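> One-letter residues, chain by chain:
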Amino acid sequence: MAGALTSKRYRVDDVDAGEFCFQQGWTDGLPVVPPTEDRVTMMLAAARLDPKQEIAYITNRSVSVTAEKVAINAVMAGCRPEYMAVVVAAVAGIGDPAWSYHGPGTSTGGAAVLVIINGPITRELDINSGDNLFGPGWRANLTIGRALRLVMRNVCGSLPGLLDRGTLGHPGKLSYVIAENEAESPWTPLHVERGFRPDQSTVTVMAAESPHQFYNQLSPDAEGVLTTLADSMKHSGGAGRQPQYVVTLAGEHMRTIAGSGWGKKEIRQFLFENTKNTIAHLKRTNRIPGAIQPGDDTKLRPIVAEPDDILILAAGGRAGSFSSFIPGWGSGRSSLATTKEVKR
Amino acid sequence: MIELLDPTVDAAKQPIAYVDRPGSLQGKRIGLIENTKYNSDKLLLRIGEIF
Numbered sequence: 001m002a003g004a005l006t007s008k009r010y011r012v013d014d015v016d017a018g019e020f021c022f023q024q025g026w027t028d029g030l031p032v033v034p035p036t037e038d039r040v041t042m043m044l045a046a047a048r049l050d051p052k053q054e055i056a057y058i059t060n061r062s063v064s065v066t067a068e069k070v071a072i073n074a075v076m077a078g079c080r081p082e083y084m085a086v087v088v089a090a091v092a093g094i095g096d097p098a099w100s101y102h103g104p105g106t107s108t109g110g111a112a113v114l115v116i117i118n119g120p121i122t123r124e125l126d127i128n129s130g131d132n133l134f135g136p137g138w139r140a141n142l143t144i145g146r147a148l149r150l151v152m153r154n155v156c157g158s159l160p161g162l163l164d165r166g167t168l169g170h171p172g173k174l175s176y177v178i179a180e181n182e183a184e185s186p187w188t189p190l191h192v193e194r195g196f197r198p199d200q201s202t203v204t205v206m207a208a209e210s211p212h213q214f215y216n217q218l219s220p221d222a223e224g225v226l227t228t229l230a231d232s233m234k235h236s237g238g239a240g241r242q243p244q245y246v247v248t249l250a251g252e253h254m255r256t257i258a259g260s261g262w263g264k265k266e267i268r269q270f271l272f273e274n275t276k277n278t279i280a281h282l283k284r285t286n287r288i289p290g291a292i293q294p295g296d297d298t299k300l301r302p303i304v305a306e307p308d309d310i311l312i313l314a315a316g317g318r319a320g321s322f323s324s325f326i327p328g329w330g331s332g333r334s335s336l337a338t339t340k341e342v343k344r
Numbered sequence: 345m346i347e348l349l350d351p352t353v354d355a356a357k358q359p360i361a362y363v364d365r366p367g368s369l370q371g372k373r374i375g376l377i378e379n380t381k382y383n384s385d386k387l388l389l390r391i392g393e394i395f
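Residue numbers (my numbering), protein chains in the order written: chain U, 1 to 344; chain V, 345 to 395.
FYI, nobody ran anything at the bench for these hints, they're computed from the structure.
Computed from a predicted model, the values in this text were never measured in an experiment.
For each residue, glycine too, the CB sits at the ideal point set by N, CA and C.
Among the clues, some could well be false.
For the chain U half of the interface with chain V, some residues (derived, Cβ under 10 angstroms), not all of them [to be verified]:
| id | residue |
| --- | --- |
| 1 | R9 |
| 2 | C21 |
| 3 | V192 |
| 4 | G195 |
| 5 | R197 |
A few chain U residues facing chain V, derived, Cβ under 7 angstroms [said to hold, decoys possible]:
| id | residue |
| --- | --- |
| 6 | K8 |
| 7 | T41 |
| 8 | Y57 |
| 9 | V155 |
| 10 | L159 |
| 11 | R284 |
Go ahead and model the full structure; you've got the sequences and the hints to work with.
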């Protein structure tokens, strides 16, 4: 039997409930579903969680994120109860010390939390991995990400203009959830590469810039498509400062690259080798300081430390010669993607 | 009427013990800590010159 809910309660008129939530500063700028006891209880029951259970502890904020608070914010976001276990895994992910909440939750760099979902749950909950990958149209994608951001706002204190000081931010800060297209992918799914079984469901979170789209309708092989991608990637982010990247390869590019016999390992290696910048270029374009020295024109700097820092996903619509890359937030190893199992 | 649950929390209160403030910096050695941002070393050196 789950414990009692202990959050403070407010009695308001039915018709004023939405406006009350705005007035309290609880929303992301859009209307929310009023968080009533029955709705919150259903959310907790679906994930078989006790309200007091700690899902994450955010050290820099001295905040314990309990299941009750996650459930309240999931209700407000418009989640169905069966989404709760996914939201919980995402919250656990951003609470992992490797994700390092304070930086991406606060920085002027304006990171969003890219949430990548793998495993059987993506089919069960109809989490989109195809057309309009980053756009509207799927309740699970939109509300799971929104719930995570509401937790960051209402529990972790990442209030825009106060402890969330993103200079620009981007629309992914409202919601930024995708699934990998495992059903059509010829490659090993991300979560299996990261140590999970194919039949497990997982959530991977990465502090991330917006998606950057690229176009190649000309190339009949892997090297051609990835040459275009590498040329776009090499001048992105801080061009040598990102801890990780995500690359999403949509249907046409996925089939073209797989047709050349290339797997994710070969893609990573090609991108790593072909996105290096010369030190001279980085100095000339004011990305790193200092005058150009002899040898700078041949000295190369990769955009990430290792090929494995480029996470490859099969995701996006079947039609169209478009794919994307997403620079991670920060420099060095300041925030790393973490993967958590969805526990049901 | 409808009853809503509060989605927010209050951060745990933590006492912070500050060292006693000196009445004057005269004769004291001051440490200025760089935050690794570009040019922070130059800024701190200029601040150091003021003292």
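> Have a go at the R9(U) hint: is there a Cβ in chain V nearer than 10 angstroms to its own Cβ?
holds (5 angstroms)
> Would the stated hint for Y57(U) survive a check requiring a Cβ distance to chain V of less than 7 angstroms?
Because about 10 angstroms separates Y57(U) from the closest Cβ in chain V, which is outside the 7 angstroms limit, the hint is violated.
> At a threshold of 7 angstroms, is the proposed contact between T41(U) and chain V supported by beta-carbon distances?
violated (10 angstroms)
> Given V192(U) as an interface hint, is the shortest Cβ-Cβ distance to chain V below 10 angstroms?
violated (35 angstroms)
> Mind checking the CB of C21(U) against every CB in chain V and telling me if the closest is under 10 angstroms?
At 7 angstroms from the nearest chain V Cβ, C21(U) passes the 10 angstroms test, so the hint holds.
> Answer holds if the nearest beta-carbon of chain V is closer than 10 angstroms to that of G195(U); otherwise answer violated.
violated (32 angstroms)
> Hey, does the L159(U) contact hint survive, CB to chain V under 7 angstroms?
Not OK, violated: L159(U) not within 7 angstroms of chain V, min 10 angstroms.
> A closest beta-carbon separation below 7 angstroms is what the hint needs, so does V155(U) meet it against chain V?
Interface hint status for V155(U): holds (5 angstroms vs cutoff 7 angstroms).
> Would you check whether K8(U) satisfies its interface hint, that is, whether its CB is within less than 7 angstroms of any CB in chain V?
Constraint on K8(U) satisfied, holds at 4 angstroms.
> Given R284(U) was flagged as interface, is its beta-carbon under 7 angstroms from a beta-carbon of chain V?
Violated - the Cβ of R284(U) stays beyond 7 angstroms from chain V, reaching only about 17 angstroms at its closest.
> Using the nearest Cβ pair, does R197(U) come within less than 10 angstroms of chain V?
violated (35 angstroms)
In summary, the numbered hints that this structure violates are 3, 4, 5, 7, 8, 10, 11.
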